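**Student:** For the record, the sequence lines run as chains A and B.
Heads up, the first sequence is in our numbering, so the first residue is 1 and it goes up one at a time.
Heads up, the second sequence is in our numbering, so the first residue is 1001 and it goes up one at a time.
These aren't lab readings, by the way, just hints derived from the structure by calculation.
Just so it is clear, the structure is predicted and the values come from calculations on it, not from any experiment.
Be a bit skeptical, because a hint or two may be false.
To give an idea of the chain A side of the interface with chain B (calculated C-beta under 8 Å), a few residues [as the list claims (entries may be wrong)]:
| id | residue |
| --- | --- |
| 1 | F28 |
| 2 | A102 |
| 3 | R109 |
| 4 | P121 |
| 5 | G178 |
| 6 | A286 |
Even glycine gets a Cβ: it sits at the ideal position worked out from N, Cα and C.
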Amino acid sequence: MVSKPSRSLFRRRAFGPEWTGLYLVIPFLLVFAIGIVAPLLYAMYLSLYRDQMVGGNIFVGLDNYVAALVDPLFYTGLGHVALYVVIQVPIMVVLALVAALALDSRRMRGKSLFRIALFLPFAVPSVVAALMWGFLYGNDFGLVGQIRDFTGIDIPNLLSSDWILASLGNITTWGFTGYNMLIFYAALKAIPEEIYEAADLDGAGEIKMALHIKLPQLGPAIVLAVVFAIISSFQLFNEPSVVSNLAPTVITTYFTPNMYAYNLSVFGQQYNYSAALAVLLGLITAIAALAVHQFGRWKWRDQ
Amino acid sequence: MTQLTTARRRTMPAHRLSVPTILVMSALLLYCVLPFWWLIVSSTKSNGDLFSTFGLWFGRAFSLFDNLGQLFTHQNGIYLEWLGNTVLYAVVGGVGATILATLGGYGLASFTFPGSRKILGIVIVAMAVPATALAIPMFLLFSSLGIVNTRWIIVLLSLASPLGLYLMQVFAAQAVPRELLEAARLDGASETRIFVTIVSKLLAPGFVTVLLFNVVAIWNNYFLPLIMLSDPRLYPLTVGLNQWNSQASGSSGATEALYNLVVTGSLVGILPLVIVFVVLQRYWVAGLAAGSSR
Chain A
1 MVSKPSRSLF RRRAFGPEWT GLYLVIPFLL VFAIGIVAPL LYAMYLSLYR DQMVGGNIFV
61 GLDNYVAALV DPLFYTGLGH VALYVVIQVP IMVVLALVAA LALDSRRMRG KSLFRIALFL
121 PFAVPSVVAA LMWGFLYGND FGLVGQIRDF TGIDIPNLLS SDWILASLGN ITTWGFTGYN
181 MLIFYAALKA IPEEIYEAAD LDGAGEIKMA LHIKLPQLGP AIVLAVVFAI ISSFQLFNEP
241 SVVSNLAPTV ITTYFTPNMY AYNLSVFGQQ YNYSAALAVL LGLITAIAAL AVHQFGRWKW
301 RDQ
Chain B
1001 MTQLTTARRR TMPAHRLSVP TILVMSALLL YCVLPFWWLI VSSTKSNGDL FSTFGLWFGR
1061 AFSLFDNLGQ LFTHQNGIYL EWLGNTVLYA VVGGVGATIL ATLGGYGLAS FTFPGSRKIL
1121 GIVIVAMAVP ATALAIPMFL LFSSLGIVNT RWIIVLLSLA SPLGLYLMQV FAAQAVPREL
1181 LEAARLDGAS ETRIFVTIVS KLLAPGFVTV LLFNVVAIWN NYFLPLIMLS DPRLYPLTVG
1241 LNQWNSQASG SSGATEALYN LVVTGSLVGI LPLVIVFVVL QRYWVAGLAA GSSR
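Here chain A stands alone, though its shape is the one from the complex (with noise of 0.2 Å):
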């Protein structure tokens, strides 16, 4: 009774494919046609064709992305985004870390109220967020300018062009600090228990054990964490665009590539060549995410 039908069993799954699975995807598939993949061909071909006044819908080739490549508000957004990558990300990764660490410290107390204040800001829309931050900064109007008008401090103005990445960089860091500091906790919990009781035989504190055991481990997690953030990175606009009624002559209508798109598209209907910089913003994005992987697998490919 248990042989005969375990060898059929093994004929099914070596020969016959099991078609199920395709027919379970399917309903997947057709919403992922319709939601991602017809709206990229169509950037795609948009992104050749130009809308000319005479001779209507011209087919030009590359032109759009060779002039995308020498447009100098294109780079500018770029710029931005690229110092968030440097600078926001790196930020946001460390105290998530910190907090994380501090979380699976057996020295800690009160773990549970921490884990979930710091996530809470995680159910905040980015709108939201950007609206209240937006109002804290305020130099006349705002938290910052009733602390500076009571102590007197010459705090800067935080809307201003040389702190508006920075106040920008703030609101991201505060609502997705706590969503890393989770995913890297998880992480942690899933190594062996094992292992700490050989690095306490040994004698390690919490410290050591931090740096040596449960850092590394985090390799993988903090790659996958990394490659997310570059990734909303280079698509900044929620924020830039709801604090530009604050700051609409800091925060220009080509701030972040995105709002340069969106703009160009929604008031300036170059419907083409904004297509051409969505590509083209979503080709740098993936070659930024696959090198930020591809260099945590070479990094971590013994584990």
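Following the hints, put chain B in place on chain A, whose structure we already have.
**Tutor:** Relative to the frame of chain A, chain B by itself:
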């Protein structure tokens, strides 16, 4: 009782509380909670007090109920419509996206068929495609088909969740043993029956986590509805609130009265998700553990 304490002492040796750790974490906690405190305090203030009294403490008058009354009646109660739209988009889109991701993730994890690896690879690559970069072509494509500016286009476009499929695939591979499926098939159970009676229960924790992710993502989405919708009555909260905000800061005097509505509307708008977060927090840790392990 004594046994319990001794057993506990053996497995968890007493560790001294680390004061620097507590201090660092308390500073982080203060940083995370302070804007919430500001929002709560500010929603109890009138427009005048909002600008003339200290931001981190209550104003001269307690105006929370005035603000709420104004919030729900301003422009014929459009805020309630925004709230309703957000709930509709997040619940219908979130549940739908999670069902599709669950079926697909299970299909990819527990069945072997030609192309299954390729499908997963494409979906993972799609996670790196900036969603906001797609929104403008999306608008052009669907407006040429004449289906923008409707509620159901937002729901339809929210159904595709590559991250959800990826998480469910990872989760199903761990949670559904192949031997169990094979045993059930030997007993003559149909695939539908196997899914309904066995697999659905095994996948339930993963389902809740992915549902949380999807609901939060749609609830907080701004760019897609901003581009797709032109009728204010179809807006979700994010788009509506920022419209009030830009009206309030755009001109002085007459429309300045909107600031207290933006503040109170923000508080009311984040309350449902904050409650969901606190009540369901254990699902986040479980789900993120599955996602980060790869």
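**Student:** Just pull the numbers of the violated hints for me, sorted ascending.
**Tutor:** Violated: none.
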